[in-house]
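Residue numbers (this note's numbering), protein chains in the order written: chain A, 1 to 748; chain B, 1 to 489.
These aren't lab readings, by the way, just hints derived from the structure by calculation.
Remember, predicted model here, so these are calculated numbers, not experimental data.
Just so you know, not all the hints are guaranteed correct.
[To be verified] With the C-beta cut set under 7 Å, the calculated list includes, among others, these residues of chain A facing chain B:
1. V657
2. R660
3. H678
Backbone N, C-alpha and C fix where the C-beta goes; we use that ideal spot for every residue, glycine too.
What follows is each chain in one-letter form.
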Amino acid sequence: MKNIDSHSHVRGESVYLDDVPVVRGTLYACVFDSPVAHGKLKSINTNEAEKSAGVVRVITAKDLVGENQIGGIVPDEPLLADGEVHFQGQSIAIVVAETEELARKAAKKITVEIDELEPVTDPRVAAANESFIVPPKKFVLGDTAAAFANCAHIFEGRTEQNGQEHLYIETQGAYALPTENGGIKIYSSTQGPTAVQRAVCRVTGMPMHKVEVDVQRLGGGFGGKEDQANAWAGICAVATQLTGKPVKYALHRMEDMRMTGKRHPYSSDYKIGLDKDLKIVAYEATFYQNAGAACDLSPPVLERTLFHCTNSYYIPNVTATAYCCRTNLPPNTAFRGFGGPQGMFVIESAIARAAERLNVTAAEIQKANLLVDGDEFPYGQKAESEAVTSWTQADEKYDFTKLYKESDEFNASSKYFKKGVAMMPVCFGISFTKTPMNQARSLVHVYTDGSVAVSTGAVEMGQGVNTKIAQVAAKMFGLDIGEVKVHTTNTLRIANTSPTAASAAADLNGKATQLACDAIRNRLFDVAKDLVEAASVDDLSLEQGFVFRNGEKTTLDWNSLVMEAHLQRVNLSEHSHYATPGIGFDWTTAKGHPFAYHVYGTAIVGVTVDCLRGRYKIDYVKCCHDFGTSMNTAVDLGQIEGGIVQGLGWMTMEEVVYDRDGKLRSNALSTYKVPDIHSVPKEIAVLPLETTRENLAIFNSKAVGEPPLMYGIGAYFAIRNAIKSFTDCSPEFDCPFTPEKVLMNLYR
Amino acid sequence: MISFILNNEDISTDQPAGETVLDFVRYHKDLKGTKIGCREGDCGACTILVGELMGDKVRYRTMTSCLMPLANAAGKHIVTIEGINPADGSLTPVQQAMVDESSTQCGFCTVGFVMSLTGFCLSERGRPRPQTAKDVLLSGNHPTADKEAAISAIDGNICRCTGYKSIERAACRVSEQLAANGKQFVPEYFAYITERLGDLNDSAPKAETRPVGSVPFVGGGTDVYVQKPEHMAESYATPLLYDEQLRGIRENGEFIEIGASATVTDLLESDVMNAVFPDLYKHLKLVSSTPIRNMATLAGNFVNASPIGDMTVFFLALDAEIELCTSPHVCKGDTRTLALKDFYLGYKQLARSPEEIITKVRFKKPSGDFRFNFEKVCKRTYLDIATVNTAMSASVTTDASGTLALQSVHLAAGGVAPIPLYLKETSAFLRSKEITEETITAANEIMQSEIAPISDVRGTEQYKRLLLRQLFRTHFVELLAAELTEIAE
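Given only the sequences and the hints, what does the whole structure look like? Please build it.
Here is the structure:
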């Protein structure tokens, strides 16, 4: 089943924010943002901007009708800076003008007087100052202090991880239109329509029922538009409120890169203890999260770092502590994996260090410690593990011994090119770790011509969620997928949505759709029972556009049944609610059962390093991945391949560079590099794990959005291994492994 | 007034000549299929086809419309996705391949890929060629209509969703269909474009140019539109890209002479250049991407004076010279010639008056056992700006005792000084020296004293020094692989 959008995508007919037809009289916004990372904002001079051609209005904090606040978890993020600036790129003023060009021109004429303060960009400095956004979080399992006393081997170290720019190809943006009686309709490129609605209501002082948010699709999100679309919608809404005109703002790439947050950089300490059989007995980790200047989603990101700090391994004694450090960078935010990858990188670094000191391969330690059924995670949930099966099935398919041997033999005969291999098991929990967010609603209409319309809270951003939802409805009604239309995500149709995030949108919204279709189907069966003279509704099914009785096709087709039901005044619409059962987490004890299920997998990654030039190529990523039972192999394979390459990018070439003043230097596509077609692995092989285990996923088809990204982490360790076969060294754990770091390690 | 054909429509517009084709098609013609991703030619979401009348046929090349002034559209066939889409709502073979291989996720970059692959299908490179002796000679370095060529055609398109593997599969499918022939990759109306462009070029008035502001001339626009987009949007800079007097690559006596507006693709497709540089494709593949190579001119690269200009470093190592002229049109005698290495006075400072343009680039046709190598390292191997780049040319001699030496050595490097640097001392040192480990080490010492790299977003000073040392060594590995097995291996 192909993505239902692919036809309009290849013809360039799919509609994104900047393609929404613009209403006559529309004005354009442009933000003037802080030129410095930290300081007292003493004055804002907008006189020249106001006099600039085409300018209708310049808006600063004092003009806001509602509250100057968009912070969702902690109210620490003003829409427009007032009194202080906390990061370079923070919005200070909005220029509203007749054209985009005139707005931009005028914004350049704004000047500010700022008494600069020392910016903090290092999370450890923030921690030393006790500048935390929320109190530290801690997971404890067993007793590490006692366990370390009995370990045969103990290794300690530090890791550094850089951030990652989302680089959705469609930049952020919003378009606000006034509606009658003082309402506002917002087109937004957001993963969280309700989050946008709340933010808009807060800054305008309007009630939620007067604000409609509509999302057709995103040109990529990756977490970057989960919380950070709010500001641009808020800016357009405020401008609409104050001018009475439609206002649009689609960010330029450099504005987007400068003003929005990214994946959180982390600095971490680890201590790992093993027994003589390479069993990990104790593990301590301390995470310093660089949260940026405002809370945003940093606390739940931090929590997921803790949830995944032991990755796919069972470790009986764990103490993991995490600090949410406030710095003067743009507020960092959700990014595919949501803190999980950062937790995994640290344990993988600890294992790599232990392996190199013990003169074994990391794979030996990894394999010896894989989770088995019933093993307890540091947060109390018991594993239903596919860690060993995914490892074993991958080994059977790809032959790890052969791949390691090929690499060794190549290295023995090559002077300037060295190969490296690393294993990367992954275990990733599915559900929002904030339990109340695990709910969704779906509205299904069957029209009298038999066509079906579905609306849910899920946002389509390329991950194929609309295709999966259409599949659910088509399957439930026994129809061709062409009979189902999935409509825009709209807060008038579906209220109080959770953002499309945590890989959970297809599960939550798909299940809600399944429930809605089931309710309509049951009512239709009641009508059909008499028409096809069935003994019981239990004998009926819907297939191929017909009613089936005891598995046999009847003459009653779908359209006739629908029309008959309508004539009988049977409700052909349903609005259903789904909440994931059996999950919960108690932060007072830091124990619980937060995840509906886990996704497992094992990857082997091979690279070749050019030791003359310090360049490298990823030769292959071969994985065995736990799809459950994929309901759409084309969509799911796309998620795996795309996730892996995004993970590889984070580990290799993607380097977010801020200077000491908190100014972003990697501020354009010319200075921030994501993988191109030549830098992807020659081979990405995906073997579906064979398992019969039941799970809570929609049609047993497990969430697939985030987990594969973490296979990419293997590339870091493969490159490291290749370097080590060229020269005797022990590179620091400091990702990404840019060509610079490679060369400096090769010839240190 | 600028006249051209946009898809199937004749256009005459009074919009500023400096406005980008991207803004024109999206906001004046409401053709929303062409997307805005970065406005600096780095993502390919706005890729279009530009058809130029070449004799009795139209040659199509992909370009990024965000960096292309309307002035360069004059007399051309500009094709956006709307001009490719079959009118009946069906799909072209390229579009169908992308659907069949699930090569599209969020869809925002998709149109750019469709345009690049369609451009490939229409290009010389997209046509299967008979294997000539030269093809055999160049095999491995120069793709014919094979899968690698199809994949290389999309080297300027960034996709953040798919991880490219599904797009690669689509590209392979397209290349198979090309080989099979008989497929129609564009709509019927393309058959009449040759004639229509002929009529247009006969009748259309020349584009108005009013040299104003700080940028009186524009070539391919690939740098000036990144540096000064707002300024350029309102400008009437004189376009040079398609100026007939500034084009062509030919042998002229003992020189090879290149028109200043030759693009990197022109070099790549030139028989003259390929004869001199058997590895030309390997080298130039490292330079930006297909659509940018289709636009970027040699003179533009030289005049931009970037310390890391790839083509500048390439030609510095050929000890090239440039011809400058004070009038953009008809240079009759009032020209001067300058060694390229003398063109750079300081950071972005040139030995050039504001009215002068480069008209020609020439270098001595190599003789003897000529060798050339170009190296470039950046964060991303392709489609990136160099951290350090370097090129070296030399002719190799072996005397009666078997001693290996380099003659007429020219070495250049970028990213290690305020200007693209001709390494004069190092080049001089190497001349006639026996090539040994000791020579390479001693030459590196000299080279390190000639350079002055700074730490920036592309790398630290320390790294750039080490990197140049390594790339310098790599020149010997590449140039003397046959002779110096203990160095090359």
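Hints, verified against the model:
no. : hint : in the structure
1   : V657 : 5 Å, holds
2   : R660 : 12 Å, violated
3   : H678 : 4 Å, holds
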